[in-house]
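These protein sequences, in sequence, are chains S and H. Residues in the first sequence are numbered consecutively from 1, following the working numbering. Residues in the second sequence are numbered consecutively from 1, following the working numbering.
Simulated from the structure, these hints should not be mistaken for laboratory data. One should not assume that every hint holds.
[Said to hold, decoys possible] With beta-carbon atoms standing in for the labels, derived distance ranges: (1) H:V90 / S:L138: 37 to 47 Å; (2) S:V72 / H:K58: 33 to 43 Å; (3) S:A126 / H:A87: 15 to 25 Å; (4) S:V66 / H:Q89: 16 to 26 Å; (5) H:A87 / S:W7: 46 to 56 Å; (6) S:W7 / H:Q89: 38 to 48 Å; (7) H:I80 / S:A123: 35 to 45 Å.
Just so it is clear, CB atoms sit at the ideal spot from N, CA and C, and this is done for glycine as well.
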Amino acid sequence: MTGVAFWVFGVAAVVAGWRVFRTDSMVRATFLLLASFLNVGAILLLLGGAYLGMALLFMMTVEMTVMVIFMVAFMMNPAGLNPMNMTHQPRLAAVAGWAAFAGGAAVAWRSNFPDRPLPAGKAVIAELGTELMGRSMLMFETAGVALVATMIGAVVLSSRRSRYGQDAGDDGSLPPVLDPATGAYPAGVLPEPEASGHGHHGGHS
Amino acid sequence: MSLTAALLIASALFGLGLWGALGQQSIVMLLMGIELMINGVMLAGGAMWAYAAGGEPKGQLLVVIAMAVMAVEMAVGFAIVVAVYRARQVDLTEGLDSLAR
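Model the full assembly from the supplied sequences, consistent with the hints where possible.
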């Protein structure tokens, strides 16, 4: 029974992953990616990784829900009503994908991995907690700091207010003004006669 | 259910992700390809932990770190897409073929 469930989840994960790049709507693609993640989470639960499986299920459900918002924002094919084929170098991509699969499959078939299965009744969640708060705490804390840095970086990158001023977020990389006190024009930028001072860039000379 | 079967499925997910990451023009779809590759990595890590590492907790830690990497990739990736779109009004990889504006 567990074996059947494993193959059902495994095939579903692969098919959903394939359909991600074969659907006409980026929103549907996101939900298909979520389906692939949920099936992998179910496999992790079958393997005995209760914490890993549940963490993946919850995390990916939230992450993909957020991703859908971005997909709606960037979708150039509303509602997927028109055929969508935004691809390039399809032959190279297919060859690389098949080569990666063949390499992984060859390793899976030919390698002689140690046969050390998970002992029945092992307290895997308690052991993970002890590991995270014990010997591997530095690694765990480093991951936490990296996530905080990511949050700060993401806010800075996506903020309309850039480091070059309140309204410069839409203007790209304007060089800084020479004299912040007087608001003088950036280096290499001369004022246009009727311009207010915003919205033009370097290159005038 | 075996280690070989799990690694086969993980390889398929990784290959599909690589196919999408290399073949998609949209940067957000490219990010989805990378996420699918990390999905395969997590499955392979979980399978190795369950079948070849005797339930050693460091195996679970490896999968947790892969999850953190995926979160970082998505957050920074989308922030870069937003910043690039603000600056150059492009969301396709072809629009980013040079550093000059």
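We went through each hint and held it up to the structure:
As the Cβ distance of H:V90 to S:L138 is approximately 40 Å, the hint placing it in 37 to 47 Å holds. S:V72 and H:K58 have their C-beta atoms about 40 Å apart, which keeps the hinted 33 to 43 Å range intact. Between S:A126 and H:A87 the CB atoms are about 49 Å apart, so this pair departs from the stated range of 15 to 25 Å. The hint said 16 to 26 Å for the Cβ distance between S:V66 and H:Q89, and at roughly 23 Å that hint holds.
At roughly 47 Å, the beta-carbon separation of H:A87 and S:W7 lies within the given 46 to 56 Å, and the hint holds. Between S:W7 and H:Q89 the CB atoms are about 46 Å apart, so this pair conforms to the stated range of 38 to 48 Å. For H:I80 paired with S:A123, a C-beta distance near 41 Å keeps the hint of 35 to 45 Å intact.
This entry does not satisfy hint 3, going by the numbered hints stated previously; all others are met.
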